[in-house]
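Number of protein chains: 2
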Amino acid sequence: MTPDGALAGGPAVILIEPQLGENIGMAARAMMNCGLTDMRLVNPRDEWPNRHAEAAAAGATAIIEGVRVYDTTEAAIADLQMVYATTARPRDMTMEVVTPCEAVARMKADETGCVRSGVLFGKEAKGLKNDDVALANAILKVPLNPAFTSLNLAQAVFVLGYEWFQLGEETEDAVLAVPKETRLATKSELQGLFDHLEMELDDSGFFRVREKKPIMVRNIRNVLQRARFTEQEIRTFRGIITSLVKKRKR
Amino acid sequence: MTPDGALAGGPAVILIEPQLGENIGMAARAMMNCGLTDMRLVNPRDEWPNRHAEAAAAGATAIIEGVRVYDTTEAAIADLQMVYATTARPRDMTMEVVTPCEAVARMKADETGCVRSGVLFGKEAKGLKNDDVALANAILKVPLNPAFTSLNLAQAVFVLGYEWFQLGEETEDAVLAVPKETRLATKSELQGLFDHLEMELDDSGFFRVREKKPIMVRNIRNVLQRARFTEQEIRTFRGIITSLVKKRKR
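Chains A and B, in that order, are what the protein sequence lines are.
Counting in the working numbering, the first sequence runs from 17 upward without gaps.
Counting in the working numbering, the second sequence runs from 17 upward without gaps.
No lab work stands behind these hints: they were computed from the structure.
Be a bit skeptical, because a hint or two may be false.
No copy is singled out in the list; a pair is fine if it fits within one copy or between any two copies.
Derived SDA-like pairs (lysine to any residue); straight-line CA-CA distance at most 20 Å [unchecked claim]: (1) K124 x E186; (2) K229 x L217; (3) K139 x W64; (4) K196 x M111; (5) K145 x N59; (6) K203 x R237; (7) K139 x P106; (8) K142 x A74; (9) K196 x P106; (10) K142 x G75; (11) K196 x M109.
Kindly generate the complete structure, drawing on both the sequences and the hints.
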């Protein structure tokens with residue numbers, strides 16, 4: 017984050033007449049979670065700085081300290097080129113309505129062209145006034161359960177931040193985490209487990225019906241394959257077999 | 017929503033030892049926003065029902081009323097077949113780590129095969145214990161700013177719900193909302209505005225340098241095209257031209 021939040025990446029988050037410090041703080045925390053830095057307040061109900069906001073920010077102090085406060089929405093967006101208004105209610109206006117996913121894609125593309133964006137969030141319960149919506153280029157509407165669309169303020173900010181952060185994300189959809197001291201077992205190590213287990217099962221009389229042995233072996237091998245053993249776990253399981261056998265042989 | 021929350025769609029949300037009623041309520045609200053219905057609590061710190069939770073649920077009473085409380089995580093997940101553990105911290109375990117997006121896709125596919133899923137959320141600040149993580153099939157990790165990954169409990173629940181809801185969503189990325197009483201202008205109506213404006217500009221001497229007129233006309237038409245006028249707005253703007261001209265001619 018640069019000393020001037022306005023110069024850092026991502027859209028500005030502009031809260032219009034926020035009422036509860038807690039919500040401002042939770043919104044700041046959500047921004048920090050997602051790498052957004054530029055928070056602006058228009059006429060907050062309570063004084064600023066606000067200790068409830070600081071507490072709820074839960075460590076997102078860089079955001080709270082960078083907050084700028086304005087008297088009007090016009091002043092808060094004066095340096096921006098593209099403004100989105102978040103609203104769940106349909107407004108009787110001719111205006112483009114975009115999803116969060118589409119909005120952040122546009123913001124990212126715009127940022128490449130040095131076009132700065134901001135997003136307006138209305139006050140708790142009431143949302144944005146039509147006059148504020150009319151200052152925006154487009155409406156940002158979060159697709160939600162139509163029977164219950166009223167989002168908590170911090171959740172609304174979080175949706176924006178979450179989608180923004182995912183844009184640049186290259187996390188694999190799914191990856192098997194393996195502790196540093198081990199690694200996935202090789203097929204040869206797994207075969208060692210199969211051989212060990214099947215030998216002891218033979219020895220213990222588990223395969224009483226000989227003609228069923230092939231299918232039973234396949235089924236046992238299947239479930240063990242699915243578990244994706246590490247080399248360490250193969251050793252643990254071979255120890256388990258040895259231990260169980262010892263009890264029987266005693 | 018069915019009378020028994022467990023029969024409704026979507027994964028169960030299982031909060032382990034939640035401390036603040038407010039967070040339970042906000043999580044319930046987030047679930048309702050996203051069409052999730054099945055909330056379960058394991059050893060909440062405060063008594064249940066909890067008036068702070070009810071207040072923070074902000075109308076998501078169906079979720080709050082459907083909550084089931086358990087003494088152990090094992091009991092809370094007994095009827096489920098797939099369990100995901102949310103955690104930001106790496107654990108020294110061999111376990112698959114999936115993104116929210118991947119997790120909900122799997123849950124949806126599993127639901128088709130009548131496989132029920134649930135997601136474990138740890139207590140505020142501390143997160144899940146390793147013993148709870150070990151009850152899960154996979155870790156659900158939200159890709160976030162690596163310098164600040166600690167999510168508010170309700171935000172974590174919201175990410176799950178948001179991704180779940182988006183799966184079934186078919187909202188257009190961007191659509192121009194137009195008030196019912198009007199419609200986008202046709203090219204012929206727009207041409208009428210162009211002709212009217214250019215005629216009056218000719219008349220007022222705006223195109224002093226004749227050879228520049230073609231490019232000026234193109235530029236004016238360009239910006240007006242971009243505005244995507246409605247038929248109503250065309251009439252308004254033609255009224256504006258007439259009104260401005262009247263002042264000059266007076």
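To see whether the hints hold, each was checked on the structure:
For the identical chains of this complex, K124 and E186 are intra-copy neighbours only, at 16 Å inside a copy versus 23 Å across copies, given an alpha-carbon limit of 20 Å. Proximity of K229 and L217 under a CA criterion of 20 Å is satisfied intra-copy only: 10 Å inside one chain copy versus 95 Å between copies. Taking the shortest Cα distances, K139 and W64 sit within 20 Å of each other inside one copy (16 Å), while across copies they are farther apart (31 Å). For the identical chains of this complex, K196 and M111 are inter-copy neighbours only, at 13 Å across copies versus 53 Å inside a copy, given an alpha-carbon limit of 20 Å.
Taking identical chains as interchangeable, the C-alpha atoms of K145 and N59 lie at most 20 Å apart only when both belong to the same chain, with a minimum of 14 Å there against 43 Å between chains. In this assembly of identical chains, the alpha carbons of K203 and R237 lie at most 20 Å apart only when taken from the same copy (12 Å versus 69 Å across copies). In this assembly of identical chains, K139 and P106 lie within 20 Å of each other by CA distance solely inside one copy; the values are 17 Å within and 37 Å between copies. For the homomeric pair K142 and A74, the shortest alpha-carbon distance between copies (13 Å) is at most 20 Å, but the shortest distance inside one copy (26 Å) is not.
Proximity of K196 and P106 under a CA criterion of 20 Å is satisfied inter-copy only: 11 Å between copies versus 53 Å inside one chain copy. For the homomeric pair K142 and G75, the shortest alpha-carbon distance between copies (15 Å) is at most 20 Å, but the shortest distance inside one copy (28 Å) is not. Taking CA atoms no more than 20 Å apart as the test, K196 paired with M109 passes between copies only; the shortest distance there is 10 Å, against 57 Å inside one copy.
When held up to the earlier numbered hints, the structure conflicts with none and fits them all.
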